[in-house]
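Novice: The task is simple: from the sequences and hints, build the whole structure.
Each chain is listed here by its residues.
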Amino acid sequence: MADENATVLLECRKVSKLFNDEGNTQAVLKAIRDGVGKDEIQSKLGTVVGVREASFKVHQGEFFVIMGLSGSGKSTLIRTLIRLIEPTDGEIIIDGEDVTKLSEDGMRKVRRNKVAMVFQHYGLLPHKTVLENAEYGLKTRGISWKERREKAQSAIDRVGLSGWESYRPSALSGGMQQRVGLARALSHDPAILLMDEPFSGLDPIVRRQMQQEFGRLQNEEDLTTILVTHDLDEALMLGDRIAIMRDGEIIQIATPDQLVTNPADDYVASFVEGASPARFMVARSVMSDDPLTARDGDSAESAVEMMRERKIWSTFIVDGGNKVQGVMSWETIQRLAQSGGTLHLGTGARKPVTCDSETPIDELFPLVLNTRHPVAVVDDQGTLQGMITKNMLLEALAHDIDYDEEDPESKPDLVASEVETSNQPSNEVTSV
Amino acid sequence: MFNEFPETIEIDLRTRVNDAISWLLDNFGGVFDFIATVIRTVLLNLEDAITWLPWPLVLGLIALLAWTATRSPLNTVVLTGLMVMIGMFGYYDLAMITLAIIIAAVLISFIIGLPIGILAAQSDKADAVIRPLLDGAQTMPAFVYLIPALMFFGLGRVPAVIATVTYAVPPLIRLTNLGIRTVTQSAIEAATAYGATPRQILRDVQLPLALPTIMAGVNQTTMMALAMVVIASMIGAEGLGQEVLLAINRIDPGRGFEAGLCIVALAVIIDRITQGFADQYKESIS
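Here the protein sequences line up with chains Y and W, keeping their order.
Residue 159 in this note's numbering sits at position 159 of the first sequence, and the numbers go up by one each step.
Residue 127 in this note's numbering sits at position 127 of the second sequence, and the numbers go up by one each step.
Worth double-checking, as some hints may not be accurate.
Stated by the list, open to error - Pairs of lysine-lysine, DSBU-like flavour, derived with a Cα cap of 35 Å:
| # | chain 1 | residue 1 | chain 2 | residue 2 |
| --- | --- | --- | --- | --- |
| 1 | Y | Lys109 | W | Lys282 |
| 2 | Y | Lys139 | Y | Lys151 |
| 3 | Y | Lys114 | Y | Lys14 |
| 4 | W | Lys282 | Y | Lys139 |
| 5 | Y | Lys139 | W | Lys125 |
| 6 | W | Lys282 | Y | Lys128 |
| 7 | W | Lys125 | Y | Lys128 |
| 8 | Y | Lys151 | Y | Lys114 |
| 9 | Y | Lys139 | Y | Lys128 |
| 10 | Y | Lys57 | Y | Lys38 |
| 11 | Y | Lys101 | Y | Lys114 |
| 12 | Y | Lys351 | Y | Lys390 |
| 13 | Y | Lys109 | Y | Lys57 |
| 14 | Y | Lys30 | Y | Lys114 |
| 15 | Y | Lys323 | Y | Lys57 |
| 16 | Y | Lys139 | Y | Lys57 |
| 17 | Y | Lys101 | W | Lys125 |
| 18 | W | Lys282 | Y | Lys151 |
| 19 | W | Lys125 | Y | Lys44 |
| 20 | Y | Lys146 | W | Lys282 |
| 21 | Y | Lys44 | Y | Lys14 |
| 22 | Y | Lys390 | Y | Lys323 |
| 23 | Y | Lys109 | W | Lys125 |
To be verified - Anything over 12 Å on all C-beta distances counts as not near chain Y; from chain W, calculated:
| # | residue |
| --- | --- |
| 24 | Leu13 |
| 25 | Phe32 |
| 26 | Ile35 |
| 27 | Thr37 |
| 28 | Pro73 |
| 29 | Leu245 |
| 30 | Gly260 |
Read the hints as simulated data drawn from the structure, not as lab findings.
Heads up, the beta-carbon is just placed ideally off N, CA and C, and yes, glycines get one too.
Specialist: Given below as structure tokens:
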């Protein structure tokens, strides 16, 4: 997961691409700035707006997905990034350099040295072998034969095609041909990897397998990737952030969980409607970022008050740096309070179950179900970021339930009743 | 009064064409001499090489090529048998001379036709100019090509090769153009994305992928060259064509039939072998 402070490797600033715009480019661009709709521009000026003022940033190590239906301009947009299709307007900054200002020759240097692309229809050279295809990018770059072979071979090994080096692409299945396409991109060692619907042409089982393998590669090799897809599952599974496109326009850029829980408009909502949150939600999107905490040495009385108030029946014991040291149950704390004591790690605190903020929800289930306390969400230093109780998980899943529209109160009721029953100390599911 | 077309609006094209040819000859005689020398050298060396080969070796070579190209025992036997038939008719030497002219003509057609085809494929303007010229060249009666060839290069094998090239080159240009234009866009786009220059794209992608079509063009050019060789014998091309011509002059249909059959046999041998190689390549890239 890339963080916001990472270097921006690619930035699009109001990139537009018009088709059939001879003679009225400026008029159309003005109409776009004035907010005239795509259909109106097309009927009045005869110009097709392929991409409309697309702006986004892609950070080092990020997996950025551009998603939209066919005709939404997503494939056009990814091609304008390296000017396979010439953008009409806007700036594209790759590694600090505005490539829209470059000459043909300058653009070729960027293509040779900074980016690599994987295509839906593979784009392999049928008369060359797998190895020769994998080294093609290095060949245009002018790398020596020996180095080329080594890098191409290593890329072939990484995509799992060892042993197929001397075959022609026609001898390979679709999935394997796309691996060659991927090997060609990886051998190029690109700063940014561009992928145009790389898995769309594959049959479902191979597609799923390739997506998973690629997700793993992306993490292992710390790639920066821009992927275009029409497949929501693929976008949610792979993307750190997803840009949704419609009619040439980016209408929302968000993380997968934001997208599903907080769609920008009805279009995005209908798009993500079928997505089950359980498939992609992570601890961060489920947790409460206001966990119940107490310091070592605090009075048990005040802790009891807090727990009653928030109806949460466990308290995390943290140190001055908000690092989790233990967790104490309602019974223990109440006993201490009755004797007027204070909270100590030695007085019945347990070691809490922890996870990090990116833990996927399906891994959270066993963690949450196997402890009577909330699960502590911590960063890699052990600092407490939030907590997840059983009913928080249920609440997250409840987003997926189709509520009766006649009765808008049904949702809160359901959640409330779950809270009442599941977290009462008398109603423990399991013990540590 | 409309029975006679008025002589007052007559255009005298023939004088102008003749004048133009004389003018070219007077001013660029050296160029034509140079072209003639090059072609003659190529032709003589080819002929020497081919006629130097012992006939059993030629038969062996045909058998080997036929086998490698078609992988069919039947084809190998039939194609080699056709060459044996030519020998049994007593036309082995003349067939070798014809073969030398064909090879020279196809070689020159390739050297001229390929770049023109590439140009036509890469520029729509060039295509718009070249296309009608090719249409014209292909509808023009083959005999017409003999006249300027004769005027520029006199009698003999050199003008025969020139006339043959002029007649045979259009399909090669057309199919090179077509082949390059129909190369799948995805391969070109991929090469572009990896920073290939237009020259690299031509060399690495367009030409190799257009090769089956270009080879079909070479095949057609070869067939047309074989047809033209008979006509070119009128201006002094030796070989099988001359035999046909002689047979016509002497009203000797049997002799003409024999020579004609040998030309057909030669055509079949060349066609099957080149087609076989083309198919193999096509198979390997699709």
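Novice: Quickly compare the C-alpha distance for Lys139/Y and Lys125/W to 35 Å and report which way the hint goes.
Specialist: 32 Å, holds
Novice: Would you say Pro73/W is clear of chain Y, with no C-beta pair closer than or equal to 12 Å?
Specialist: At roughly 27 Å from the nearest Cβ of chain Y, Pro73/W sits farther out than 12 Å, so the non-interface label holds.
Novice: Taking only the CA atoms, is the gap from Lys139/Y to Lys128/Y under or equal to 35 Å?
Specialist: 13 Å, holds
Novice: Mind checking the alpha carbons of Lys282/W and Lys139/Y for me, to see if they're no more than 35 Å apart?
Specialist: Judged against 35 Å, a Cα distance of about 25 Å means the pair holds.
Novice: Compare the distance between the alpha carbons of Lys114/Y and Lys14/Y with 35 Å, and conclude whether the hinted pair is satisfied.
Specialist: 22 Å, holds
Novice: Are the Cα atoms of Lys109/Y and Lys125/W separated by 35 Å or less?
Specialist: 30 Å, holds
Novice: Please check whether the beta-carbon of Phe32/W is more than 12 Å away from every beta-carbon in chain Y.
Specialist: 40 Å, holds
Novice: Has the given pair, Lys101/Y with Lys125/W, been kept, meaning a C-alpha gap of at most 35 Å?
Specialist: 29 Å, holds
Novice: Lys323/Y and Lys57/Y: Cα distance at most 35 Å?
Specialist: 34 Å, holds
Novice: Tell me if the straight-line CA distance from Lys44/Y to Lys14/Y falls inside 35 Å.
Specialist: Given that 35 Å is the threshold and the Cα spacing comes to 23 Å, the pair holds.
Novice: Would you check the hint for Lys282/W and Lys128/Y, treating anything up to 35 Å between C-alpha atoms as holding?
Specialist: 13 Å, holds
Novice: Assess, step by step, whether the Cα of Lys109/Y is no farther than 35 Å from the Cα of Lys282/W, and give holds or violated.
Specialist: 33 Å, holds
Consistency with the previously given hints is maintained throughout, with no hint failing.
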